Structures are given as C-alpha cells and as structure tokens.
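Visitor: Sequence:
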Amino acid sequence: MSIVILRKTKGYSSLITVSRQRILLLVTGFLFVLPAAFMVAGYQFGKIQATPKPDDLSMAIQSELDAQRLQVAEATRTAEENIDALALRLGKLQAHVMRLDALGQRLTTMAKLDKGEFDFEHPPAQGGPETGKEELASSMNVPDFMKSLDALSSQLDDRGKQLAVLEDMMMNRTLDKEVVPAGRPITRGWLSSYFGTRTDPFTGRRAHHGGIDFAGKLNSEVVAVAAGVVTFAGKRYGYGKLVEINHGKGYSTRYGHNNEILVKVGDMVKKGQAISKMGSTGRSTGPHVHFEVLHNGRAVNPIKYIQAAN
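Start counting the sequence shown at 1; every next residue gets the next number (the working numbering).
Below, a list of computed lysine-lysine pairs in the DSS-like style, where the Cα atoms sit at most 25 Å apart:
#, residue 1, residue 2
1, Lys-147, Lys-161
2, Lys-271, Lys-235
3, Lys-264, Lys-277
4, Lys-147, Lys-92
5, Lys-264, Lys-249
6, Lys-270, Lys-304
These are calculated hints, taken from the structure and not from any lab test.
A quick note: this is a predicted structure, and the numbers were derived from the prediction, not measured.
Kindly generate the complete structure, drawing on both the sequences and the hints.
Guide: Here is the structure:
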C-alpha cells in the first residue's frame, strides 16, 4: 500500500510516496517511543520535584529545632513549678517541726523531765543492722514521694494538736497549783495555835478557832499561799489589819493581825508574794498571823493545804 502526498512549495507541486514500511515505523514510534519519552521526562521531573531545595531543608530543620526548644522550655517550666511547690511544702514542714520542737522543749521544762533524755535540738537516736535488702528496693517515684510528704504533713499537724492539748492540760494543772492554797503564809516563824475547838486566850473558855496562828518576829513577811486578787485590805473587827485574797475555784484566804498592809484591793498577787508585815493588831496576844482558808465561803482546816506543799 502506498500513500501519495501532494505538497506545493514555491509554486511547484511535488509528490511524496509513503510506503507501508514507513507507515509501520511511524505508528511504532508513536505507540512505543513517544510514551517512553514521556515516562522518562515524567520521572526526571518528579525526581527534581522530590529533591528538597537547600532553603526548604534549612526551614524544616529550623522548625524542628524550634519545636524541641519549646518542649525543653515547657519541661523546664514544669520542673521549676514542681520545685517551687516542694520548696513551699518543705518550708511549711520546717515551720511545723520548729513549732513542735519549741512545744517539746517547753513541755520538757514544765514536766521537769531530763533534758538529756528528751533533747529536741538533735534528731532522735536510731539504728539497726543491715538486712542486705536495701539494694533491692526501688527508688521512690514522684507520686509516692508526694503522698509520703502529705502523710508526714498530716502527722505533724496531728502531733502539733496533741502537744498543744497536752500543753494546755499542763498549764491548767500548773495554774491549779498556783491558785489552790498550799504552803505556809510566813517565811519565818512557828505554828502557835491549831484549827478547831481550843481554850480562848482571852476568856479561858472553850471556843472554835476558825484558822491557824503562826507566831513570829514583828514585821516579818506574810506571804500569799496562792495566786489571786485582793478583795479586802484594811481593818476588820477582831482581825485587826486584815488582807483577804480570792483565788478562784471557790477558794479564798485571810491573813489577820498585820502590822502593815503592803497591797490594796484589786491587786493581783502571786504565790509567795509578800502582802503584809506580821503584827499584833486586833484581838491578839502578840505578833502572829491568823491564817484562814475558805472554800465556797466556809472556813476549812488549813492544815491539809499547808501540808500539800510538802
């Protein structure tokens, strides 16, 4: 088969005859060579596109570095916050321990305990042989550590409350000792007359004596046998110059026949404080102090309160 192609060039006509073999070659070229050429061209183009450019690679590396810096900064911030929280908790625990140490030292003093046995300035003595199992124990993780810290804080709070209650009890006991009459109302002298029925030194008849007399040197000190408030300081019939002190809890004491009174009504007095000077005013045969103890307004035998101080 032949294909005739007419072409006109510069006014002349020419005839081109295409044989069958040429046609087959042309068709083969279109079917195989041209697609292969397109495939090669596409591969090269894709390779070029897939190969990162220097600028793109730098940007990717910089972006990754920025992300890592952010992660490091966040981790650092979290660690600092945790450290601050632990430091705050540690400060509170240290304050609790200092308070407990102060309470312990005060209780040791109040209870008159041996300071060598209860020394709050040093950690308690501890010890024991090695068991060989310490190396097998795993390190404490953060949640367990925080849990232990919270438990310790609760224990310290609880112990602080218990010690505070104990301190209040001991202080109340000390106050009770201060306000309950105990001891002799003189610093020097001797017991010259007991409480109860006796022979009256003025009439010679049997009569009730509502107190105890302590004789001594004129103007020797008369002291309060308990802490309290002065409710009377002046002259009273039969007592001469009298001082009366209210100690609370229903107790009051009287000190009669004084030569001079050293306190006034409303004064707060301490146990052992000088309140007057011994005399012989009122119904008296010589320098002495007439000492009375009243409980709920009724005179009681002072001898048991005097002996309570021994």
